[in-house]
Amino acid sequence: ALNANLRSMEWPWQYNFPPFFTLQPNEDTRNKQLEAWRNLALEYCKANKQFILDINEAYSCPLFNNKSINRKLSEEGIRTVVESLRDRKAANWVDTQKSKFYVFWHTPEEWGNLIYNWANANGMMNSVCTFFELSQGEDTANEEFHNLDEGLLLLALKSLESKRKAEIIQLDEETQGVKFF
Amino acid sequence: MGGLFAKHKKPASRVTEQDKAVLQLKQQRDKIKQYQRRIKGVLEKDREMARKLLQENKRDRAKILLKKKRYLEQLTEKTDNQLDGIEQMVQDIEFSQVQVEVLKNLEKGNAALKKLHDVFSMSDVEKIMDETREGIEKQQEIDDLLSGNLTEDDLAAVEDELNEIMKANLPEVENLPEVPTEEPTLPDIPQGEPTAVCALFSRAYSYFVTVDAHAEECFFEKVQAGTKMGLTFEVAEGGFLDIDVKIYSPDGNLIYEGDRESNGKFAFAADKEGVYRYCFSNKMSTMTPKIVMFSMDVGEKPADAKEED
Numbered sequence: 004a005l006n007a008n009l010r011s012m013e014w015p016w017q018y019n020f021p022p023f024f025t026l027q028p029n030e031d032t033r034n035k036q037l038e039a040w041r042n043l044a045l046e047y048c049k050a051n052k053q054f055i056l057d058i059n060e061a062y063s064c065p066l067f068n069n070k071s072i073n074r075k076l077s078e079e080g081i082r083t084v085v086e087s088l089r090d091r092k093a094a095n096w097v098d099t100q101k102s103k104f105y106v107f108w109h110t111p112e113e114w115g116n117l118i119y120n121w122a123n124a125n126g127m128m129n130s131v132c133t134f135f136e137l138s139q140g141e142d143t144a145n146e147e148f149h150n151l152d153e154g155l156l157l158l159a160l161k162s163l164e165s166k167r168k169a170e171i172i173q174l175d176e177e178t179q180g181v182k183f184f
Numbered sequence: 010m011g012g013l014f015a016k017h018k019k020p021a022s023r024v025t026e027q028d029k030a031v032l033q034l035k036q037q038r039d040k041i042k043q044y045q046r047r048i049k050g051v052l053e054k055d056r057e058m059a060r061k062l063l064q065e066n067k068r069d070r071a072k073i074l075l076k077k078k079r080y081l082e083q084l085t086e087k088t089d090n091q092l093d094g095i096e097q098m099v100q101d102i103e104f105s106q107v108q109v110e111v112l113k114n115l116e117k118g119n120a121a122l123k124k125l126h127d128v129f130s131m132s133d134v135e136k137i138m139d140e141t142r143e144g145i146e147k148q149q150e151i152d153d154l155l156s157g158n159l160t161e162d163d164l165a166a167v168e169d170e171l172n173e174i175m176k177a178n179l180p181e182v183e184n185l186p187e188v189p190t191e192e193p194t195l196p197d198i199p200q201g202e203p204t205a206v207c208a209l210f211s212r213a214y215s216y217f218v219t220v221d222a223h224a225e226e227c228f229f230e231k232v233q234a235g236t237k238m239g240l241t242f243e244v245a246e247g248g249f250l251d252i253d254v255k256i257y258s259p260d261g262n263l264i265y266e267g268d269r270e271s272n273g274k275f276a277f278a279a280d281k282e283g284v285y286r287y288c289f290s291n292k293m294s295t296m297t298p299k300i301v302m303f304s305m306d307v308g309e310k311p312a313d314a315k316e317e318d
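Chains B and U are the protein sequences, given in the same order.
If you read the first sequence in this note's numbering, its first letter stands for residue 4, the second for the next number, and so on.
If you read the second sequence in this note's numbering, its first letter stands for residue 10, the second for the next number, and so on.
Hints were generated in silico from the structure; no laboratory data involved.
Keep in mind the model is a prediction, meaning the values are calculated, not measured.
One or more of the hints may lead you astray.
As the list claims (entries may be wrong) - Beta-carbon label-pair distances, calculated as ranges:
id	chain 1	residue 1	chain 2	residue 2	range
1	U	69	B	173	46 to 56 Å
2	B	154	U	29	18 to 28 Å
3	B	91	U	29	33 to 43 Å
4	U	80	B	91	52 to 62 Å
To be verified - Cut-off 25 Å, straight-line C-alpha distance, at most; resulting in silico cross-link-like pairs (BS3-like, lysine-lysine):
id	chain 1	residue 1	chain 2	residue 2
5	B	161	U	29
6	U	77	U	117
7	U	29	B	166
C-beta atoms are modelled at their ideal positions from N, C-alpha and C, and glycine is treated no differently.
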């Protein structure tokens with residue numbers, strides 16, 4: 004969902020350049036174009052604290068649809084950008100249908116470290132936290148990962164788990180938690 | 010291949026039952042919080058709605074809404090109390106976990122300390138201390154000898170002077186008789202009078218006694234007046250083989266005192282009838298017991314005794 008409070012983000016010059024929204028045939032030009040798209044996507048998502056983008060809703064998203072110059076990136080174009088981001092581990096599909104994708108303006112590892120540092124600073128070592136507590140609790144209100152998408156939170160905690168810094172606890176369908184070490 | 014298998018094998022879980030309990034409590038707390046947030050949203054909307062109704066002069070409708078709002082506020086208060094209860098329980102569980110850890114570590118520390126003490130056994134310490142004290146006593150004796158009235162130089166000077174005097178006064182003493190090389194023949198032991206000799210000593214027993222450090226061992230002999238008595242003793246074992254000896258008459262008078270003697274023989278006549286007491290004292294020793302071999306020879310009644318040398 005679109006964040007109503009758009010943080011003031013400066014659009015790069017490419018954004019108001021109509022050919023930017025057309026996938027370029029020339030290889031060199033395309034590479035430059037994709038680089039600009041990657042940076043723009045990451046910056047946009049970071050500024051708006053958006054973790055997931057939906058291709059089906061692309062046309063309501065200012066990132067892919069610049070109404071002022073009446074240009075929007077085609078679906079093929081969006082998928083090319085996504086693949087380009089995925090190659091650099093800066094994005095990944097949320098589902099197998101490939102309609103929604105995460106934009107990793109922080110990688111799962113980075114999210115994991117942010118959460119772990121918060122846990123350490125707040126004396127949560129050897130303690131359990133619910134997922135809810137981490138993403139929506141009052142104690143994390145000022146943290147970057149506040150309101151972190153649940154799927155992304157899980158990826159982040161899994162990366163910590165692989166480093167033996169945390170263990171995910173699944174008691175039943177509803178109860179999900181994590182213990183930090 | 011190893012990597013593939015290693016990936017599937019999960020390491021042992023470090024999540025305890027208490028953790029799961031705490032997690033469930035926290036889950037409950039989260040749900041209550043979410044519920045409260047929802048109520049808060051509803052409350053705000055209703056307040057807004059009530060205001061509008063009042064503006065439209067629909068008092069009754071507004072009143073109903075306000076009643077609902079009041080009820081929800083009370084619910085919120087109740088849930089606050091429940092939250093408190095849950096928070097407290099979570100804190101209690103976490104604190105007991107801390108206590109358990111502290112106790113465990115104290116136990117470990119204790120066990121380690123005990124092990125160290127076992128290695129460092131007391132008997133070894135005593136042995137070392139013993140040897141040190143004996144060494145000190147020995148040193149003390151040597152010091153006493155050396156720090157006598159004369160220094161070694163003085164003693165040497167004395168020796169020289171003695172030799173000079175001897176040379177001046179005595180004739181040549183170069184021709185000393187030769188040391189006999191064979192055993193000289195001894196006269197036969199008289200056969201005829203052993204009874205008389207033996208009669209002098211009608212009672213003679215030898216004993217060994219262990220006198221502990223700082224201790225005194227006393228013995229008693231009841232005799233008639235005029236009886237000849239002879240105490241023979243020798244320190245067989247212990248320290249510097251020395252002992253203090255005291256002999257008391259029946260009325261308590263000290264008739265003999267020996268200081269740090271290693272052996273001795275003291276003969277006396279009992280001038281009155283009664284119990285004579287003789288004591289061996291190891292007071293000079295700090296730790297070492299002394300073993301004293303001794304015998305008290307008591308002669309026959311004076312009327313039957315013969316004179317001896």
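For each hint, the structure was consulted:
Between residue 69/U and residue 173/B the CB atoms are about 51 Å apart, so this pair conforms to the stated range of 46 to 56 Å. In this structure the supplied range 18 to 28 Å holds for residue 154/B paired with residue 29/U, their Cβ-Cβ distance being about 24 Å. Residue 91/B and residue 29/U have their C-beta atoms about 39 Å apart, which keeps the hinted 33 to 43 Å range intact. One distance hint, 52 to 62 Å for the beta-carbon pair residue 80/U and residue 91/B, holds here, with the actual separation near 55 Å.
Between the alpha carbons of residue 161/B and residue 29/U the distance comes to roughly 19 Å, so the proposed pair stays at or under 25 Å and holds. At roughly 60 Å between alpha-carbon atoms, residue 77/U and residue 117/U are farther apart than 25 Å, so this suggested pair is violated. A C-alpha spacing of about 22 Å is found between residue 29/U and residue 166/B, which places the hinted pair at or below 25 Å, so the restraint holds.
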